[in-house]
Amino acid sequence: SCLSTLGVGCEALAMSPKCYNGEWQEYCGRYYECYHPCTENKRKPKVSASCSPECAAYLIEGSCFVFSVSKDPHFSLPHGGRTDFRGEDNAIFNLLSAKNLTMNVKIEQSDFAWNKRTVHGTKISAAYWTLRTLTGKLIHIEYNTNITTHGAAVHVEGMAAKVLQHDASHDFILDNVHVTLMSKKKLRVRTDRWEMSATKNDFPFPLLNRGKVLLDVEILALYDADHDVVAPHGIFGQAYDGDDIGVDGAIDADHHSVSTTKAQAEGAIEGSWTDYKMATPFATSFKYSRFDVLSARHRDVSKLTGIKHSWGKWPKASTSTAFAPE
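Reminder that position 13 of the sequence shown reads as 43 in this note's numbering, one-by-one numbering, no gaps.
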């Protein structure tokens, strides 16, 4: 059972026709709602900002055949905040802006089918990095869900582009930047201060969403980002704001048979969601850009309208994830 294996093997059960012909439909919805946010890659269920006490208790004490689909990309933020972000079709948005580093993602409109529901949402389809190395070299990196693209493109200013392939040349190192294709589906970009990754994953309920792929994104601060003289920003980065307060923003909660996602991280981010829209995939300039600045203050958390809660002592290197629908 899922209980005895802490979830290992449960995803395979999702392929069973019983999830689609009625026998398990009632439970399949709760699986993706609870399992992924609570287990963190099949670990023991743990209550967190993305895992409700009800979900954790259900996985530990009850049936494990619980599936669901979340809506537009939802974010688990530093200090325990969470929010959903629809974005805009075919648009680029900034997740992290720090000194000499910018990480942007492309948002695309997509429909998600599960059980008796259809969600008109969005997904992360590509990730883009612009980095300046310790010796001043400029690097651009691209990784996307295009099924004809099996690698990642790395371009150093003034040099020919290099394509990383997992079964061939899967590493690129220049000064303090290390790019690795960890597998055919996962790219990791690491500097002396940040570790970021993008992973290609199938949509939930693959039998109902054949051939559809999205990106899951993780960002990890390898240093005390909360006390950097250049306070990070972006939809993710701004949550490293030097306090022990998590801020929850807008969450999509429409469970009708047909729904359209609407949340734009209202309440959890400074300014408007449109402030984070980038002109091009590798652009570094926007309202809250930190790429070229020498100093920048944290956001003013008191001005945020989201739900605030204490997060206690968080690890200096905290992981943030942006999941397209689960």
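Just so you know, not all the hints are guaranteed correct.
To be verified - Capping the alpha-carbon separation at 27 Å, the derived lysine-lysine pairs in DSS-like fashion look like this:
no., residue 1, residue 2
1, Lys333, Lys242
2, Lys317, Lys333
3, Lys146, Lys242
Said to hold, decoys possible - Derived DEER-like restraints, expressed as beta-carbon distance ranges:
no., residue 1, residue 2, range
4, Leu252, Ser332, 49 to 57 Å
5, Asp119, Val323, 25 to 33 Å
6, His285, Met189, 23 to 31 Å
Simulated from the structure, these hints should not be mistaken for laboratory data. In this text, a Cβ means the ideal position worked out from N, Cα and C, and glycines have one as well.
Which numbered hints are broken by the structure, listed smallest first? 1, 4, 6
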